[in-house]
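Enquirer: One letter stands for each residue in the lines below.
2 protein chains.
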Amino acid sequence: MIEIRTATETDRDAIWNIIHETNAAGDTYAFDPKMSREEALAYWFGPGTHAYVAEVDAESVGEPDSFPGTATPSPIVERNPVIVGTYILRPNQSGGGSHVANAAFMVASHAQRSGVGRGMAEHCLAEARRMGFRAMQFNFVVSTNVPALHLWEQLGFKIVGTLPGAFHHPEKGYVDVYVMYRSLVP
Amino acid sequence: MIEIRTATETDRDAIWNIIHETNAAGDTYAFDPKMSREEALAYWFGPGTHAYVAEVDAESVGEPDSFPGTATPSPIVERNPVIVGTYILRPNQSGGGSHVANAAFMVASHAQRSGVGRGMAEHCLAEARRMGFRAMQFNFVVSTNVPALHLWEQLGFKIVGTLPGAFHHPEKGYVDVYVMYRSLVP
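If you're matching them up, the sequences are chains U and P in order.
In terms of my numbering, the first sequence is residues 908 to 1093.
In terms of my numbering, the second sequence is residues 908 to 1093.
Keep in mind that the hints were calculated from the coordinates and are not lab data.
The beta carbon of each residue, even a glycine, is placed where N, CA and C say it ideally should be.
Treat the hints with care, since some could be wrong.
Stated by the list, open to error - Pairwise CB distance ranges (calculated):
no., chain 1, residue 1, chain 2, residue 2, range
1, U, Thr1069, P, Gly1080, 21 to 29 Å
2, P, Arg912, U, His1076, 31 to 39 Å
3, P, Ala1033, U, Ser1001, 25 to 33 Å
4, P, His1057, U, His927, 40 to 48 Å
5, P, Val1053, U, Thr1069, 20 to 28 Å
6, U, Thr956, P, Arg944, 21 to 29 Å
7, P, Ser1090, U, Thr913, 36 to 44 Å
For reference, chain U alone in the conformation it holds in the complex:
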């Protein structure tokens, strides 16, 4: 079960861990791999940017302390939510371009291929509609990031632009990048 909610100040460590891990891999986003925690969080929590986290329940059975003379209590089931993904939603441009949303998604490596990305993307599309955005645009989908490409296509995004050699992949060298777009109005 994935719960997606607005990010708070107390989520900053978990978010930075995911951003840091994603940037270190350097094969999906055009972020500076030396971006500091401070810079990354200033970006993620920037003005006009809505940040969210995805949590899963890692249920743990806690053994409460026993005190002499008390009855043995039953084990307490504690909710122990773990943040496994984060995304941001914001206008892609200002002024005359502010009706088009932009979003960026990151999933912790240990939670890849478990539906977290899809869950966040569906949540994000609903949030964008709720806020009145008329479309959503991804400016920089690296063509070698096949899982992301498939997910966006399944969710109704189309490739509307191809940027030749616009990403330098750590293993594959210069690869194409796609601009993807989908309308949010009927």
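Following the hints, position chain P against chain U.
Expert: Same frame as chain U, but now just chain P:
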């Protein structure tokens, strides 16, 4: 004669006048029309951004003060440069996308159609090559901005993407936006 040079602190008033005028028109750039002087200049002189100005010589003939007992001096021709345009050059993305340049150009309304835009664009392409960029990308060329479109096509840019209805034009409503791209390597 147009001279193009790196912008300095003393150019800030002239640059703001051009940005303010361009934003007020609101038909070419997706900037917030209420963007303040401070915000605009922070953007134009942002980290990693190279800002330039284009000057023309508005020659003026100065009449120096005459002092009794001195010979009548000949009129002094003063150079009186006027800033008529400004542009910025920067990486379009960080990290794996930092080899692609991005640029934005603004020309004062009274100097439109006088070659200032073309002069700045050619200067910009040369600067981008000098800095080692491998390509240049414009993320947001409004399809109704025909003079700009023609200029970019003449300078070797191609439309590599079309964003449907991505700009709300103050008179024409929702219009398409182009992503334009050109290589800078042979």
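Enquirer: For every hint, state whether the structure bears it out.
Expert: Structure-based check of each hint:
1. The hint said 21 to 29 Å for the Cβ distance between U/Thr1069 and P/Gly1080, and at roughly 28 Å that hint holds.
2. Roughly 37 Å separates the CB atoms of P/Arg912 and U/His1076, a value that falls within the hinted 31 to 39 Å.
3. Roughly 30 Å separates the CB atoms of P/Ala1033 and U/Ser1001, a value that falls within the hinted 25 to 33 Å.
4. The supplied range of 40 to 48 Å is met by P/His1057 and U/His927, whose beta-carbon atoms lie about 45 Å from each other.
5. The given range of 20 to 28 Å is respected by P/Val1053 and U/Thr1069, whose C-beta atoms sit roughly 24 Å from each other.
6. About 23 Å separates the C-beta atoms of U/Thr956 and P/Arg944, a value consistent with the hinted range of 21 to 29 Å.
7. Evaluation of the 36 to 44 Å hint for P/Ser1090 and U/Thr913 yields a pass: the beta carbon distance comes to about 42 Å.
Violated hints for the displayed structure: none, as all numbered hints are satisfied.
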